[in-house]
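Enquirer: Based on the provided sequences and hints, a complete structural model is requested.
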Amino acid sequence: AQSVSQHNHHVILSEAASLELGCNYSYGGTVNLFWYVQYPGQHLQLLLKYFSGDPLVKGIKGFEAEFIKSKFSFNLRKPSVQWSDTAEYFCAVTDTNAGKSTFGDGTTLTVKP
Amino acid sequence: EAGVAQSPRYKIIEKRQSVAFWCNPISGHATLYWYQQILGQGPKLLIQFQNNGVVDDSQLPKDRFSAERLKGVDSTLKIQPAKLEDSAVYLCASSRMGTGYSYEQYFGPGTRLTVT
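Top to bottom, those sequences are chains A and B. As numbered in the working numbering, residues 1 to 113 make up the first sequence, in order. As numbered in the working numbering, residues 1001 to 1116 make up the second sequence, in order.
Hints should not be assumed to be uniformly reliable.
[What the hints assert, rightly or not] Quick list of the computed label-pair ranges, beta carbon to beta carbon:
id, chain 1, residue 1, chain 2, residue 2, range
1, B, E1104, A, G62, 17 to 25 Å
2, A, S14, B, A1020, 40 to 48 Å
3, B, D1063, A, A17, 27 to 35 Å
FYI, nobody ran anything at the bench for these hints, they're computed from the structure. Idealized CB from N, CA, C, for every residue including glycine.
Expert: Structure, rendered in structure tokens:
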């Protein structure tokens, strides 16, 4: 069975600090990888995705993530966070064979102005 | 395009009562998912439909939960009877299927269920 582990449950940063949220998954087959974000009072929405090609993917609002296959990791980064990045971030893995998705437990990011 | 619609947004019931949630996916999305999200945890897949067939329901507590997707469009999820531990947000999501699509999911606003 596939699983997703997000290392940090709650991260608190000041504006302009750099961000890296860890995500590791366990699954032996081919996967698509996602980061979803949920801003306060809003739906879960896609932040970025990887399914083939360049392992460094860029998403909305200056976020990027790097897929390192050998480490089963897909860490999320942003060089300079803003107060508006305060949200909950979920890493998700989809098994491309069965199309089944597994989510991590999320990381709550609080950015202090 | 219109997003994923869910209703109701909130529901409070007593244990042992029944409850139903409704979801209308984005037009043209063949795959529909129901997730349960307990506070402090990530969404847990309950059931996944492709058109009107079930792809995965391995984590659906079938003694009390049921779901259907008639005509391959909208879907209902039912709990009967409810237990206190069913208190959660129930999320519906949809995605396209087919070669070249990445299984990107579009989520509805969720239904927050409180069982007292």
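Enquirer: Please go over all the hints and tell whether each is borne out by the structure.
Expert: Taking the hints in turn, this is what the structure says about them:
{"no.": "1", "hint": "B:E1104 / A:G62: 17 to 25 Å", "in the structure": "20 Å, holds"}
{"no.": "2", "hint": "A:S14 / B:A1020: 40 to 48 Å", "in the structure": "46 Å, holds"}
{"no.": "3", "hint": "B:D1063 / A:A17: 27 to 35 Å", "in the structure": "48 Å, violated"}
Checked against the numbered hints above, the structure breaks only hint 3 and satisfies the rest.
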